[in-house]
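**Q** Given chain A, work out where chain B should sit, using these hints.
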Amino acid sequence: MRIELTVNGTTREADDVWEGESLLYALRERLGLPGSKNACEQGECGSCTVYLDGLPVCSCLVAAGQAAGREVRTVEGLAEGDELHPVQQAFVDRGAVQCGFCTPGLVVTTHDLLERNPAPSDPEIREALAGNLCRCTGYEKIMDAVREAAGAQR
Amino acid sequence: MDFLAPTTWADALAAKAEHPDAVPVAGGTDVMVELNFDHRRPSVLLDLTRIPELRAWDRADGRIRLGAGVTYARVIDELAAELPGLAMAARTVGSPQIRNRGTVGGNLGAASPAGDSHPPLLASGAVVELASVRGTREVPVAEFYTGVKRNACAPDELIAAVHVTPAGGPQQFCKIGTRNAMVISVTAFGLALHPARKAVGAGIGSAAPTPRRAEAAAGYLAGELDAAGLWDSRGALPEGLAVEFGRRVRDAAAPIDDVRGSAAYRLHALSVMARRAATWAWDDYRRAA
Numbered sequence: 159m160r161i162e163l164t165v166n167g168t169t170r171e172a173d174d175v176w177e178g179e180s181l182l183y184a185l186r187e188r189l190g191l192p193g194s195k196n197a198c199e200q201g202e203c204g205s206c207t208v209y210l211d212g213l214p215v216c217s218c219l220v221a222a223g224q225a226a227g228r229e230v231r232t233v234e235g236l237a238e239g240d241e242l243h244p245v246q247q248a249f250v251d252r253g254a255v256q257c258g259f260c261t262p263g264l265v266v267t268t269h270d271l272l273e274r275n276p277a278p279s280d281p282e283i284r285e286a287l288a289g290n291l292c293r294c295t296g297y298e299k300i301m302d303a304v305r306e307a308a309g310a311q312r
Numbered sequence: 076m077d078f079l080a081p082t083t084w085a086d087a088l089a090a091k092a093e094h095p096d097a098v099p100v101a102g103g104t105d106v107m108v109e110l111n112f113d114h115r116r117p118s119v120l121l122d123l124t125r126i127p128e129l130r131a132w133d134r135a136d137g138r139i140r141l142g143a144g145v146t147y148a149r150v151i152d153e154l155a156a157e158l159p160g161l162a163m164a165a166r167t168v169g170s171p172q173i174r175n176r177g178t179v180g181g182n183l184g185a186a187s188p189a190g191d192s193h194p195p196l197l198a199s200g201a202v203v204e205l206a207s208v209r210g211t212r213e214v215p216v217a218e219f220y221t222g223v224k225r226n227a228c229a230p231d232e233l234i235a236a237v238h239v240t241p242a243g244g245p246q247q248f249c250k251i252g253t254r255n256a257m258v259i260s261v262t263a264f265g266l267a268l269h270p271a272r273k274a275v276g277a278g279i280g281s282a283a284p285t286p287r288r289a290e291a292a293a294g295y296l297a298g299e300l301d302a303a304g305l306w307d308s309r310g311a312l313p314e315g316l317a318v319e320f321g322r323r324v325r326d327a328a329a330p331i332d333d334v335r336g337s338a339a340y341r342l343h344a345l346s347v348m349a350r351r352a353a354t355w356a357w358d359d360y361r362r363a364a
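Chains A and B, in that order, are what the protein sequence lines are. Numbering (the numbering used here) for the first sequence: 159 to 312. Numbering (the numbering used here) for the second sequence: 76 to 364.
Just chain A, with the same shape it has in the complex (with noise of 0.2 Å):
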């Protein structure tokens, strides 16, 4: 089936949808965008995170065809043209990415955070990152990361 959806702000069409298939396999196969991750493939590790009609969620959890007519922002839409986006410039400078796998995930998990709560406590970003699973543990570097963030939006 062919499905039309609004990504990242423009209007974009993906053709030969499997009606089984999730937004993320058609995403990254389809509409080019290869940055939100393919892992679990069951919401678990929160790296396929995407913004569906503003709310944080595992793409890989969503049909295809239930995003149709909707809005998706991934973390290819997040960046200002070559400006970095405040939280991903703050994973940057604050090593929060190591073998980056979990980064585009993390990345709009905080960006969401950040926009609901822009001075959040540290169990409240333990709590707003818990389904973003990084297996290089680099748990304390995102930490760091998110407080660096919180406090240069501020």
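Hints were generated in silico from the structure; no laboratory data involved. All residues carry an ideal CB built from backbone N, CA and C; glycine is no exception. Check before you lean on any hint, since a few could be wrong.
Stated by the list, open to error - If you only want the chain B side, here are some residues facing chain A, beta carbon under 10 Å, derived:
#1 94
#2 112
#3 148
#4 169
To be verified - As a list, the in silico SDA-like pairs of lysine to any residue whose alpha-carbon atoms are at most 25 Å apart:
#5 A/299 <-> A/274
#6 B/224 <-> B/113
#7 B/273 <-> B/211
#8 B/273 <-> B/317
#9 B/224 <-> A/198
#10 A/299 <-> B/256
#11 A/299 <-> A/228
#12 B/224 <-> A/199
#13 B/224 <-> B/157
#14 B/224 <-> B/243
#15 B/273 <-> B/305
#16 A/299 <-> B/305
#17 A/299 <-> B/254
#18 A/299 <-> A/250
#19 A/299 <-> A/282
#20 B/224 <-> B/112
#21 B/224 <-> A/240
#22 A/299 <-> B/255
#23 B/224 <-> A/274
#24 A/299 <-> A/240
#25 B/273 <-> B/157
#26 B/273 <-> B/311
#27 B/224 <-> B/273
#28 A/299 <-> A/284
**A** Coordinates of chain B only, in the frame set by chain A:
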């Protein structure tokens, strides 16, 4: 596979009548996992996310009618005061991303013994509203779970809503898991005090083939509280009573050994959780005086 995305409830019911083997999908947090892992290849996927009334909740006849498509995140944000037990359970579901998508209706549809919504729905005596082109019927939640991942839905029926009476007293929810997030329960327990009726509701999760009530235990606790005049005096809960309640909740369970835990562990954990939940809820009741 066909992908149907009705935009009205009538169209959704017509589609389910025409395709009884269609698999309904809302938040996708269960169904999409099965598709992603090739565990399921339904002939029809029936998307229910475009039906406005499924995403709504309202008050009617002294109950809250929670549309089947209301997410856990919204239960937490919008209904924590009126449905505190369900909101406590919702807070333990998955992660923020999962709570933004997963729905109470989906939890009922999946009817997993480990579903987090079930113990509080059982404790508060919720009623499931099922609909088809033939009409609408209400099924008490305790009768809704018919087997492991099986429920009372006929092939042409969809879950429309669940009706829950706003809390008339303190409620508690306890869940054992390996961490505080992203965890399927090893075992879970929901408790509701109903002071106006001098009654207690108790629901058990992940400790029997289906979610189930601990009816005898709840009746015992309510009766002992009544016999000692404690509902009126709001006196302290005798420790022995809380312990015995825990034992009786444990006796209502029929768990198995599986990868998440042994039956013996689940039984022990249930007795501890029930004792604690009763103590916490009773302390809340005393403080509310």
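**Q** State for each hint whether it applies.
**A** Outcome of the hint check:
1. The beta carbon of residue 94 of chain B is not positioned within 10 Å of any beta carbon in chain A (closest approach about 13 Å), and the interface hint is therefore violated.
2. A distance limit of 10 Å between C-beta atoms decides the matter here; for residue 112 of chain B the minimum to chain A is near 7 Å, and the interface restraint holds.
3. Interface restraint check for residue 148 of chain B: the shortest CB-CB distance to chain A comes to about 8 Å, inside 10 Å, so the restraint holds.
4. Taking 10 Å as the C-beta contact cut-off toward chain A, the hint placing residue 169 of chain B at the interface holds, the least distance being around 6 Å.
5. The suggested pairing of residue 299 of chain A with residue 274 of chain A holds, with an alpha-carbon distance near 22 Å, which does not exceed 25 Å.
6. Between the alpha carbons of residue 224 of chain B and residue 113 of chain B the distance comes to roughly 18 Å, so the proposed pair stays at or under 25 Å and holds.
7. Taken as a hint, the residue 273 of chain B and residue 211 of chain B pair is broken in the structure, with Cα atoms around 32 Å apart against an allowance of 25 Å.
8. Note on residue 273 of chain B and residue 317 of chain B: the hinted pairing holds, with a Cα-Cα distance of about 16 Å set against a maximum of 25 Å.
9. The hinted pair formed by residue 224 of chain B and residue 198 of chain A meets the criterion: a straight-line CA distance of about 23 Å does not exceed 25 Å.
10. Proposed proximity of residue 299 of chain A and residue 256 of chain B is supported: the alpha carbons are some 20 Å apart, at most 25 Å.
11. At roughly 34 Å between alpha-carbon atoms, residue 299 of chain A and residue 228 of chain A are farther apart than 25 Å, so this suggested pair is violated.
12. Distance restraint check for residue 224 of chain B and residue 199 of chain A: the Cα-Cα separation of roughly 21 Å lies within the 25 Å cut-off, and the hinted pair is therefore satisfied.
13. With a C-alpha separation of about 28 Å, the suggested pair residue 224 of chain B and residue 157 of chain B falls outside the 25 Å cut-off, and the hint is violated.
14. The suggested pairing of residue 224 of chain B with residue 243 of chain B is violated, with an alpha-carbon distance near 30 Å, which exceeds 25 Å.
15. For the proposed pair residue 273 of chain B and residue 305 of chain B, the alpha carbon gap of about 10 Å is at most 25 Å, so the pair holds.
16. For the given pair, residue 299 of chain A sits about 53 Å from residue 305 of chain B by alpha-carbon distance, which is inconsistent with the 25 Å threshold.
17. With a C-alpha separation of about 21 Å, the suggested pairing of residue 299 of chain A with residue 254 of chain B holds against the 25 Å cut-off.
18. Restraint check for residue 299 of chain A and residue 250 of chain A: satisfied, since their Cα atoms lie roughly 10 Å apart, inside the 25 Å limit.
19. A hinted pair counts as satisfied when its Cα atoms are at most 25 Å apart, and residue 299 of chain A with residue 282 of chain A qualifies at roughly 16 Å.
20. Taking the CA atoms of residue 224 of chain B and residue 112 of chain B, the gap is about 18 Å. The hint holds against a cut of 25 Å.
21. For the proposed pair residue 224 of chain B and residue 240 of chain A, the alpha carbon gap of about 50 Å is over 25 Å, so the pair is violated.
22. With a C-alpha separation of about 21 Å, the suggested pair residue 299 of chain A and residue 255 of chain B falls inside the 25 Å cut-off, and the hint holds.
23. About 36 Å separates the Cα atoms of residue 224 of chain B and residue 274 of chain A, which puts this hinted pair outside 25 Å; it is violated.
24. The straight-line distance between the Cα atoms of residue 299 of chain A and residue 240 of chain A is roughly 24 Å, inside the 25 Å bound, and the hint therefore holds.
25. This hinted pair checks out: residue 273 of chain B and residue 157 of chain B have alpha carbons roughly 19 Å apart, not beyond 25 Å.
26. In summary, the hint linking residue 273 of chain B to residue 311 of chain B is supported, as the alpha carbons are separated by about 16 Å, within the 25 Å threshold.
27. This hinted pair does not check out: residue 224 of chain B and residue 273 of chain B have alpha carbons roughly 33 Å apart, beyond 25 Å.
28. In summary, the hint linking residue 299 of chain A to residue 284 of chain A is supported, as the alpha carbons are separated by about 13 Å, within the 25 Å threshold.
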